[in-house]
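S.K.: Full structure from sequences and hints, please.
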Amino acid sequence: MRKSFYQQWHPIVTTIIMGTFFSRAAFFMTMPFLAIFLYKEKGIDPQTVGLIIGVSALTGTFGGFIGGYLSDRIGRFPVMIIAIFSWGGVFAGFALADAVWSFFALNCINGLCRSWFEPISRALLADVTTKENRLGVFNARYFSINAGAAIGPVAGTYLGSSSSMSAFFITSAVYFLYAVIVLLLMRKYKARLQPQQENKLTVKEAVSVISRDKVLLYFLLGNIAVLMAQSQMDSTLAQYMGSSPHFHDGVKLFSYLIVTNAVTVLILQYPVTNYVKRFDPMFALRIGSAAFSLALLGFGLSANWLFLVLSMVVLTLGEIIVFVISDVLLDDLAPDHMRGTYFGSMSFRSIGFSAGPWIGGLLLKTFGFDHGFYVFGCLTLLSLLALPFFQLGQKVKEKNKLESQRTSTFARRQGTIESK
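Under the UniProt record's numbering, the very last position in the sequence shown is 420; numbers go up by exactly one each time.
The reader is advised that the hints may include incorrect statements.
Straight-line distance between alpha carbons at most 16 Å, and here's what the computed EDC-like set of lysine to aspartate or glutamate pairs gives [unchecked claim]: (1) Lys-397 to Asp-280; (2) Lys-40 to Asp-98; (3) Lys-401 to Asp-280; (4) Lys-277 to Asp-331.
Ranges between beta-carbon positions, derived for each pair [claimed, not checked]: (5) Leu-402 to Leu-159: 30 to 38 Å; (6) Phe-367 to Ile-181: 41 to 49 Å; (7) Asp-98 to Tyr-275: 47 to 55 Å.
Just so you know, the hints here were simulated from the structure itself, not pulled from any lab data. All residues carry an ideal CB built from backbone N, CA and C; glycine is no exception.
M.R.: Written out as structure tokens, the structure is:
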């Protein structure tokens, strides 16, 4: 009798998917409210808040490549465990922090931990999953992230995460527990997942391979623009809704929007990804990035909860397409012995996640909290920059495929002539 898809999962896959759910629930219980807390309780100006929120992506930009490279060299588990243990310490630090510089420093480390853990966990999932099942596993991972995101913000609202940092202690405890579980997992499976010695590359060789991949380059440039759009949800939109005179009890409404985001993923993720997988990945990414731009424009035009919710649904559709299809495309591009490095290179797109909150904060400071159309209108124009990069990436990908087919045909013909 044939096993179901879920019965085919490796124990490592099950552990990471479940761990992702609980850790992300704890993460979303606190981090989405950090921008509101810093502005309203600490009195930090929006531009500085944007810098604090965005710096995590800046440190993660290069950290992900380094972490992915190390995981190819020394193995996935050691790097993952260091990242998760450090992450737990960061959340405890947030609970105790008071000065602006301490929040800035902690979010620097937060970005580094995330940039190490995220690509390595995806590479590890790919390592222990057959190619035909990887889309399903990536879908399950993304589903668990958003299931956690559906629970976390509601818990954070009732724990008062926008006015107190005490909930960060709970987040810290969850991450420490997750690290212990991964440590036990490592002891059982590490020997079977050692990196292949003959395929190890130096940093210089890895950078050389990555830099020559033009499809990857256009993919990353497009994702930088997409992440500029996505990052507005955690910073600019949070501050705007928490302080704009257009909204009554904007903090609670913002938490409901986060829940809308997560619930929409839970409902639409599988039908949407099953539909868009029939298209070229770069074309699907263009659809997703266009949805991000449309959603940002909607946030700027919305004055009541219904249009805000509709805008969040559109943003979520873009998020589903971009994030899941990006994993699939990157897995297709990556040589087996460089999977960690390729997934780590995705952290370069965090330049957009770093610049986005700062740009959004600057726009809020320039136009004020009562002119959302100008703020989000400018952000919409920025996010549209993703479209030409994905278009160029698709053209290069098609050209490479055609050249590969010609080379293969020529080699077969030469073989036939020699055999005669």
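S.K.: For every hint, state whether the structure bears it out.
M.R.: Status of the hints after comparison with the structure:
no.	hint	verdict
1	Lys-397 to Asp-280	10 Å, holds
2	Lys-40 to Asp-98	14 Å, holds
3	Lys-401 to Asp-280	12 Å, holds
4	Lys-277 to Asp-331	14 Å, holds
5	Leu-402 to Leu-159: 30 to 38 Å	56 Å, violated
6	Phe-367 to Ile-181: 41 to 49 Å	47 Å, holds
7	Asp-98 to Tyr-275: 47 to 55 Å	49 Å, holds
Of the hints listed earlier, the one the structure fails to meet is number 5.
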